[in-house]
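Novice: Residues per chain are reported as follows:
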Amino acid sequence: MAKAPARKTAAPKNTASTPAPATNRESPRDPAPYDATPAELEKFYREMLLIRRFEEKAGQLYGLGLIGGFCHLYIGQEAVAVGLQSALDGDKDSVITGYRDHGHMLAYGIDPKVIMAELTGRAAGISRGKGGSMHMFSVEHKFYGGHGIVGAQVSLGTGLAFAHKYRGDGGIAMAYFGDGAANQGQVYESFNMAELWKLPIIFVIENNQYAMGTSVNRSSAEDQLYRRGESFRIPGMQVDGMDVLAVRGAAEAAIEWVRAGKGPVLMELKTYRYRGHSMSDPAKYRSREEVQAVRDKSDAIEHLKKLMEEAGIGEDKFKAIDKEIRQIVSDAADFAESAPEPELHELYTDVLVEQY
Amino acid sequence: MAIELKMPALSPTMEEGTLAKWLVKEGDAVKSGDILAEIETDKATMEFEAIDEGTIASILVAEGTDNVKVGTVIATIAGEGEEAASTAVRAEPVEAPSSSSAPPEEKSGPSTSSGQTEEKAAKPAPTQRATDPSLPEGTTTVRLTVREALRDAMAEEMRADDRIFVMGEEVAEYQGAYKVTQGLLDEFGARRVIDTPITEYGFAGLGSGAAMGGLKPIIEFMTFNFAMQAIDHIINSAAKTNYMSGGQMRCPIVFRGPNGAASRVAAQHSQNYAPWYASVPGLIVISPYDAADAKGLLKAAIRSEDPVVFLENELLYGRSFEVPDVADYVLPIGKARIMREGGGVTIVSYSIGVGLALEAADALAAEGIEAEVIDLRTLRPLDTATVLESLKKTNRLVVVEEGWPVCSIASELAMVAMEQGFDDLDAPVVRVCNEDVPLPYAHNLEKAALVDTPRVIAAVKAITNRA
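Residue numbers (the working numbering), protein chains in the order written: chain X, 159 to 514; chain U, 905 to 1371.
Derived by calculation from the structure, the hints in this document are not laboratory data. Wrong hints could be hidden among the right ones.
Stated by the list, open to error - Straight-line Cα separation of at most 30 Å, BS3-like style, residue types lysine-lysine; simulated pairs:
1. X/Lys442 <-> U/Lys925
2. U/Lys910 <-> X/Lys481
3. X/Lys477 <-> U/Lys910
4. U/Lys929 <-> X/Lys481
5. U/Lys910 <-> X/Lys442
6. X/Lys442 <-> U/Lys973
7. U/Lys935 <-> X/Lys463
8. X/Lys464 <-> U/Lys935
9. X/Lys271 <-> X/Lys463
10. U/Lys935 <-> X/Lys201
11. X/Lys455 <-> X/Lys201
12. U/Lys1351 <-> X/Lys271
13. X/Lys475 <-> U/Lys935
14. X/Lys455 <-> U/Lys925
15. X/Lys271 <-> X/Lys475
16. U/Lys1297 <-> U/Lys1239
17. X/Lys442 <-> U/Lys947
18. U/Lys973 <-> X/Lys271
19. X/Lys201 <-> X/Lys463
20. U/Lys1239 <-> X/Lys477
21. U/Lys1351 <-> U/Lys1365
22. U/Lys1083 <-> X/Lys356
23. U/Lys947 <-> X/Lys481
24. U/Lys929 <-> X/Lys455
25. U/Lys935 <-> X/Lys442
26. U/Lys935 <-> U/Lys910
27. X/Lys442 <-> U/Lys1365
28. U/Lys910 <-> X/Lys271
29. X/Lys477 <-> U/Lys947
30. U/Lys1083 <-> X/Lys323
31. U/Lys935 <-> X/Lys455
As the list claims (entries may be wrong) - Among chain U residues calculated to face chain X with C-beta under 10 Å, some are:
32. Thr917
33. Asp1090
34. Gly1109
35. Pro1285
All residues carry an ideal CB built from backbone N, CA and C; glycine is no exception.
Isolated chain X, as found in the complex (with noise of 0.2 Å):
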C-alpha cells in the first residue's frame, strides 16, 4: 500500500514553505498567511462550496446518465483554485488548466448554468455543447481551457504567457497542471523557454497525490514537485493546498515576482482529491480510511468554516449561504436538463472560422 500521504497534506497548517535557495541566487519573498476580511472569507467560503456542491450535482447527474464520457471531479481541492484566483487580475491575467476544469470556471466567476449545460452537453453550454466536461473555455474571461491532453496546457499556458510579455500588457498566465502531468517531457521543455525568456507565468501543480491510480511516490523520482523547476533556476514553492488563506497568501508572494518581470514561479499546491480520477474510477488504490482521514482533518471547506467561527460568524450565516448555494445548484441542473440538444446543422458549424 502507498503511504498515506494524508498526514503530509495536513502537515503544513496555515504556512507555505519556500526553501532555502540552493544559490544565493535572489528569490520570491517568504509567503504569509492571507489576512482575509470577514467578507473575504465569506466570498471564499461561498466560491468553494459552489465548487462542492456543483461538483456533487455533476455527480448526481453522471449517474442519471445525463453527464456521459469523462467528467472530472474537484472535491477536495477547491481551496486551491478559490485562494490563486482571487489574487490575479481577472482584466489582465489569463488561466488555462487541464481537463479537470470546472472549479476554475466556477473559481472565475463563469455562470455555473452554462458550465452545467456544457456538461450535458445542450446548446446553451459553454461550448455550445460540442466541448464537454474536458473542453471548455471563456475567452471573455480570459479563461482559456479546459484542455483534454495531459501537460498540454502547460506549453499552450507559456505560450499565453509569451503573448502578455510581447504585448506589454501587463498580465501573467497561470498554468494548472497535476502531479500526473509533470512527468510529461513538454513541461520542461516549457519551463526552459519561460526561464530563458523570463515569461510572467506562475506554473501550478496541483498535488493531489495520485495520477490516476498511480500515487506520486510510484512515478516520480524526485517526488518535492516544487523542486522539479531548479535545473532550469525556476524558484519553487510548496504550499498546504487544503488552506484557502495560504494558498492565497502563496499566490501574492509569487505574483509579486512573476509582475516584476523576474520570470516563472513553480508553485506545488499539496491537495487531495475525494473522489476517483473520474467517474468510472473505483479508486481501489486507496484505502477509505485515507480518504475519509483528509476529509476528517484537512477539508478545507471545514477548516475555513470554523476560522469564520472564530471570526464570530454564526450557523444562521451558514444556512443561508447553504441554502443560497443549493438554489444556484440546482437552478443550474434544471437548466442544464431541460435546455435543448444542439441543432443537427451545428455538426458543421465552427469546424473552420473562414469559408474557403
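Got chain X sorted already, so can you dock chain U onto it with the hints?
Specialist: Using the frame of chain X, we list chain U on its own:
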C-alpha cells in the same frame, strides 16, 4: 420532501448493476461523502456516496440484487425535520425507468433523441470558390527563388501586422537553417524573430498558446520530420480548438517548413506529411510548387484566422520562377491552378510533383498526347471541383505524388473520382507515387524509390492506350 437515491451509472457504458452491499440501514443519519453502498458495474465495484445530509428513510432494493437498472430508486433520504417513516410510503410506487441508462425522454428538451438516427444533418452547401486575382494588363514579373518569395511574404505581412512573429530553430541569428528567414532579424528585431531551443513540442505548444492569446505566430520547423514531436499541438491544440469551444476560441497560426524528400538524407529526414495533416478537419493544408504561389499563399495563410500547415520543399527553395510584381500579391486558399491545358489526360499533383508532371506533359505532347496539368496548391480544403471539371473533359486521371502511395492524397483523389466522377472515367485512376519503403540512403536506391518523370509518362501511356 424525501430525496430519492437512484441507481447510478458509474461508467459511460453501464446500463444495470448489482447492488452488492448496503453500508447503511434505515434510520441511519448520513452526511455528504458517507459511503452508502457498494455497487458492482460491468467493470468494477464502486462506492456510492451520499451527496445530501439526512436520515435513511427507506431502503427499496435489497443488497445482493442483480440487474438493477440505472435510474431505479434504491433508497430515500429524509431531510432535516422530516418524518422518516412517512417518506418511505411515498417513495414506494416509483418504478424503474424502462430505458436503461438513457436520460428520461422529457428531460432532453425540444430536440429529443427519438427519430434522431433517421434525421440527417444537412451539410452546408459548398461556398463559391474564389479565383486568383486578375492582374492588371501590363503587370510585370520579377524572377525570385521560392526561398526569397517565402521570405518576402513573411516580411510584407509582418510590416502590416505587429501581432505576427516568427519562431523556430535558427530562424534569427543563423538567418534560417535553409535561409528562408534571411534578413528578418535585421528588419524586425529579436522581439519578433525568435530563436528557440531544440524543443519542437514545446515551441509548437507555446506558439499555439500565443495564438489563442491573440497573436499570429509563424512557427518554422527546420523540417516537418521534426514536427512529429509536436504533432499533438498541431492537431489536438490548434486544429480542434475552434470547434471544441463552439467557435469562441481561435488559433490563427502558421506551421511551416520543408516537407518531403530532400537529397540523400535517408529515412528519418525524408517524408511527406501532406496526407497526415490533410486528413484532419480544422486544419488548412497548403503545399505550393512555384515562387508566385509560395508568396501568394503564404500571405493568405498568415492572414487566415484558421491554423495552417504550410508544407514547403527543400529541393524547390533554390528554384527561380516569375512572380507578379504587384504590391500585395495574395492568392485564395482552396483553389487549384491549371498549369497547362490539354484534352487527353488530367495529371494532378502538388509541390515538387508538379514539376515532374509538367516535364512529362512536354514529353507527351511531342508524342501527340495533350495533358492537362493541375497543381492542387491547397490540400485541405481540396479543390475537387477543378479536378472533376478537368476529368469531365479528359476522361482520364493520373495523380503524381512525391510520397507513399498508401492512404495518400492520390488515394483520396481516386475516391473522389469514383464517388463524383465515375461516369466521366474511361480508364482507372492511376497513382504515381514513391515506392512503399522507407527512403534509402544509397544513391541508386534513393533514385529508384522516388517518383520521376519517366514513371509519369509511362502511367499516362498505360491509360491512353499508347503503352
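Novice: Now look at each hint and say whether the structure bears it out.
Specialist: Hint check:
For the proposed pair X/Lys442 and U/Lys925, the alpha carbon gap of about 16 Å is at most 30 Å, so the pair holds. With a C-alpha separation of about 23 Å, the suggested pair U/Lys910 and X/Lys481 falls inside the 30 Å cut-off, and the hint holds. Restraint check for X/Lys477 and U/Lys910: satisfied, since their Cα atoms lie roughly 26 Å apart, inside the 30 Å limit. As the CA atoms of U/Lys929 and X/Lys481 are separated by approximately 27 Å, the hinted pair is consistent with the 30 Å bound.
Straight-line distance between C-alpha atoms of U/Lys910 and X/Lys442 comes to about 23 Å, which keeps the hinted pair within the 30 Å bound. For the suggested pair X/Lys442 and U/Lys973, the alpha carbons sit about 24 Å apart, so the restraint of at most 30 Å is met. The suggested pairing of U/Lys935 with X/Lys463 holds, with an alpha-carbon distance near 17 Å, which does not exceed 30 Å. For the suggested pair X/Lys464 and U/Lys935, the alpha carbons sit about 18 Å apart, so the restraint of at most 30 Å is met.
For the hint pairing X/Lys271 with X/Lys463, the CA-to-CA distance comes to about 26 Å; that is within 30 Å, so the pair holds. The straight-line distance between the Cα atoms of U/Lys935 and X/Lys201 is roughly 24 Å, inside the 30 Å bound, and the hint therefore holds. In summary, the hint linking X/Lys455 to X/Lys201 is supported, as the alpha carbons are separated by about 23 Å, within the 30 Å threshold. Taking the CA atoms of U/Lys1351 and X/Lys271, the gap is near 62 Å; set against the 30 Å cutoff, the hint is violated.
Straight-line distance between C-alpha atoms of X/Lys475 and U/Lys935 comes to about 20 Å, which keeps the hinted pair within the 30 Å bound. Between X/Lys455 and U/Lys925 the CA atoms are separated by roughly 27 Å; this keeps the pair inside 30 Å, and the hint holds. Taken as a hint, the X/Lys271 and X/Lys475 pair is honoured in the structure, with Cα atoms around 25 Å apart against an allowance of 30 Å. For the given pair, U/Lys1297 sits about 19 Å from U/Lys1239 by alpha-carbon distance, which is consistent with the 30 Å threshold.
For the suggested pair X/Lys442 and U/Lys947, the alpha carbons sit about 13 Å apart, so the restraint of at most 30 Å is met. In summary, the hint linking U/Lys973 to X/Lys271 is supported, as the alpha carbons are separated by about 29 Å, within the 30 Å threshold. Distance restraint check for X/Lys201 and X/Lys463: the Cα-Cα separation of roughly 12 Å lies within the 30 Å cut-off, and the hinted pair is therefore satisfied. Taking the CA atoms of U/Lys1239 and X/Lys477, the gap is near 65 Å; set against the 30 Å cutoff, the hint is violated.
A C-alpha spacing of about 22 Å is found between U/Lys1351 and U/Lys1365, which places the hinted pair at or below 30 Å, so the restraint holds. Restraint check: the Cα-Cα separation between U/Lys1083 and X/Lys356 comes to about 28 Å, which is no more than 30 Å; the hinted pair holds. Between the alpha carbons of U/Lys947 and X/Lys481 the distance comes to roughly 37 Å, so the proposed pair goes past 30 Å and is violated. Of the pairs offered as hints, the one joining U/Lys929 and X/Lys455 holds, with about 26 Å between alpha carbons and a cut-off of 30 Å not exceeded.
Restraint check for U/Lys935 and X/Lys442: the C-alpha separation of about 22 Å stays at or below 30 Å, so the hint holds. Using a Cα cut-off of 30 Å, the hinted pair U/Lys935 and U/Lys910 holds, with the two alpha carbons roughly 17 Å apart. The suggested pairing of X/Lys442 with U/Lys1365 is violated, with an alpha-carbon distance near 67 Å, which exceeds 30 Å. Pair hint U/Lys910 plus X/Lys271 holds up; C-alpha atoms about 23 Å apart against a cutoff of 30 Å.
With a C-alpha separation of about 39 Å, the suggested pair X/Lys477 and U/Lys947 falls outside the 30 Å cut-off, and the hint is violated. A threshold of 30 Å between alpha carbons decides the hint, and for U/Lys1083 with X/Lys323 the separation of about 28 Å falls inside it, so the pair holds. Using a Cα cut-off of 30 Å, the hinted pair U/Lys935 and X/Lys455 holds, with the two alpha carbons roughly 16 Å apart. At its closest, the beta carbon of U/Thr917 sits 9 Å from a beta carbon of chain X; the interface hint therefore holds under the 10 Å criterion.
For the restraint placing U/Asp1090 at the interface with chain X, the shortest Cβ-Cβ distance is roughly 19 Å, beyond the 10 Å limit, so the hint is violated. The closest approach between the C-beta of U/Gly1109 and any C-beta of chain X is roughly 2 Å, which is under the 10 Å cut-off, so the hint is satisfied. Among the interface hints, the one on U/Pro1285 holds; its C-beta lies about 5 Å from the nearest C-beta in chain X, closer than the 10 Å criterion.
The structure shown violates the earlier hints numbered 12, 20, 23, 27, 29 and 33.
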